[in-house]
Amino acid sequence: MTTPQASTELMPTMPSNVDVQTMDEKLKREQEINDWLPITSSRNAKWWYSAFHNVTAMVGAGVLSLPYAMSRLGWGPGIVVMILSWVITLYTLWQMVEMHEMVKGKRFDRYHELGQYAFGEKTGLWIVVPLQVVCEVGSCIIYMVTGGKSIQKIHNLLCKDGANIKLSYFIMIFASVHFLLSHLPNFNSISGVSFGAAIMSLSYSTIAWAASITKGRMEDVSYAYKVSSTPGTVFNFCTALGNVALAYAGHNVVLEIQATIPSTPEKPSKGQMWKGVLIAYLVVALCYFPVAFVGYYIFGNNVEDNVLISLEKPTWLIVVANFFVVFHVIGSYQIYAMPVFDMMETVLVTKLNFAPSRTLRFSTRSLYVAFTMFIAITFPFFGGLLGFLGGLSFAPTTYFLPCIMWLAVKKPKRFGLSWSINWICIILGFMLMIVASVGGFRDILISAKDYQFYS
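Take the position in the sequence shown, starting the count at 1, then add 52; the result is the number in the numbering used here.
Do not take every clue at face value.
[Unchecked claim] Quick list of simulated restraints, FRET-style, between CB atoms:
1. VAL461 / LEU232: 16 to 22 Å
2. ILE265 / LEU469: 37 to 43 Å
3. ILE361 / LEU334: 26 to 32 Å
4. ASN405 / LEU469: 45 to 51 Å
5. LEU177 / THR411: 27 to 33 Å
6. LYS278 / VAL461: 44 to 50 Å
7. THR258 / VAL181: 34 to 40 Å
8. TRP146 / TRP100: 14 to 20 Å
9. ILE265 / LYS463: 45 to 51 Å
10. GLU84 / LYS218: 28 to 34 Å
[Said to hold, decoys possible] Here are the computed lysine-lysine pairs in the DSS-like style, where the Cα-Cα straight-line distance is at most 30 Å:
11. LYS463 / LYS322
12. LYS327 / LYS80
13. LYS98 / LYS327
14. LYS365 / LYS156
15. LYS327 / LYS465
16. LYS327 / LYS156
17. LYS174 / LYS462
18. LYS465 / LYS156
19. LYS322 / LYS462
20. LYS98 / LYS156
Because the hints were derived from the structure by calculation, they are not lab data. Note that the structure is predicted; figures quoted are calculated from it, not measured. Ideal placement from N, C-alpha and C gives every residue a C-beta, glycine not left out.
Please model the entire structure based on the sequences and the hints provided.
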C-alpha cells in the first residue's frame, strides 16, 4: 500500500495562488509599460504611414548636396554609386521587413531586439544599440544644424541689410519647435508632421532640379576633377562616396515603423509595410536622381555644396525651397528621436523602476532636445563628424548588418544565390564604412582647424 505521505511526494508541485498572482501582476505591468512606450503603444497604422515615415527618415536636406558629390565622383562612378546604393539598400530594407515577424507569435519591434535574436541577448545588444544610438542621436544633431542654417539663409535673403545674427540663435529657434513636438506620445501621433515633411522633401527637390533646367547649362561648364593633386582628389572621392551612400540610410527606424502596423497570422504586417516601402523608394528615386544628375549637368564642377546657392535667383524661389527644407527636417528630427525616446523611457521604467507618467516623459524628452541643441550650437560642423561616425554606424546598420543577421538566422545554402548576394553586400558595405570614415575624418580636421566656439 502506498502511504498518503509517499503519494503526496509523487504528485507534481502545483503553483501556489501567490505565484499565480505574482505572475499576473508581472504580465499586467509589462502590458501597461508596452501600452505607454512610444513604439508599442499604438498598432493601428495604415500602409501609407510607412510610406511617408520612410521618406521622411531617408530623404534629408543632403539631397541638395548630391550634385556637389557628383562633381567629386565624376559621371561614371557617380551614376554607379547612386544606383547601386539604391538597389542594395532596398534589398536590405526588404530583409528587415521580412525578419520582423519571422518567429511565429513574435514581433521584433526594435532593431536591437532583432540583433539579440540573431547574435544572442547580450552580444546583440552591444552590437546594435551603440550603432543605432550614434545614428539616431547624430541625425537629430545634424538636423538641428541644417534647420538652423536654412532659417539663417531665409533671414539673410529677406533681410539683406539687417544685422548679422549668429547661427546659434537660429538653431535655438529651430529647437523651440521640438520642445513642443517632442511631447507627442508615439509614431502615429506624428504622422501628420511626417506626411507634411515627406511632401516638403519632394517639393524642394523638384524646385532644385526644375530651376536648374530653367537656368540652363553654364557656358564654361566642366566635368573634370577640380582638385589637381592626387591626394586631394582621392580624399574628395572618399567623402563624396560616403555622402552619396549614406544618403540612403533610413534603416535604423524601419522595424520601429513596422511595429505600428497591425498584424494577424492571416494578414502579417510585412505586406502593408512592403507596399509603403516601395512607394517610399519611388519617391526617393524621384528626389535623388534628378537633383544629382541635372544639378551636375547644369553646373559641372563649379556647383556649390548646396545646389540652391548655385541657382542664386529668383530670391523668392530660394526662400520657398529653404522653408520646405526647414519643415522637412522638423519631421525628420521627430522620426529619428522617437526610437531614442523609446530607449530612454524603457530604461527608466524597467531598469530604474520609475512610474510611467507625463512628468517623466516631459522631463526626459525636454532634456534630450536641449542636449541635441547644445551639441549643434557647439559643433555646427557636425556634418563632418557625422560622416566619420556615420561611416562606422550608418554603413553597418544600413548596408551589411541586415545581411549578417539574415545569414545567421535564415542560413541560406552556401555559395547559393542568397548567400552570394548577401556576402557581396557585406563586402561593399564594409568598404563603404572605411571610405566614409576616412573622408569624414578629413572633413573634421579641415572644419575644426580655424573654428572658434560659439562664434
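Results of checking the hints against the structure:
no.: 1; hint: VAL461 / LEU232: 16 to 22 Å; in the structure: violated (41 Å)
no.: 2; hint: ILE265 / LEU469: 37 to 43 Å; in the structure: holds (41 Å)
no.: 3; hint: ILE361 / LEU334: 26 to 32 Å; in the structure: holds (28 Å)
no.: 4; hint: ASN405 / LEU469: 45 to 51 Å; in the structure: holds (50 Å)
no.: 5; hint: LEU177 / THR411: 27 to 33 Å; in the structure: holds (28 Å)
no.: 6; hint: LYS278 / VAL461: 44 to 50 Å; in the structure: holds (46 Å)
no.: 7; hint: THR258 / VAL181: 34 to 40 Å; in the structure: holds (38 Å)
no.: 8; hint: TRP146 / TRP100: 14 to 20 Å; in the structure: holds (18 Å)
no.: 9; hint: ILE265 / LYS463: 45 to 51 Å; in the structure: holds (50 Å)
no.: 10; hint: GLU84 / LYS218: 28 to 34 Å; in the structure: violated (46 Å)
no.: 11; hint: LYS463 / LYS322; in the structure: holds (21 Å)
no.: 12; hint: LYS327 / LYS80; in the structure: violated (34 Å)
no.: 13; hint: LYS98 / LYS327; in the structure: holds (10 Å)
no.: 14; hint: LYS365 / LYS156; in the structure: violated (57 Å)
no.: 15; hint: LYS327 / LYS465; in the structure: holds (28 Å)
no.: 16; hint: LYS327 / LYS156; in the structure: holds (22 Å)
no.: 17; hint: LYS174 / LYS462; in the structure: holds (20 Å)
no.: 18; hint: LYS465 / LYS156; in the structure: holds (22 Å)
no.: 19; hint: LYS322 / LYS462; in the structure: holds (17 Å)
no.: 20; hint: LYS98 / LYS156; in the structure: holds (22 Å)
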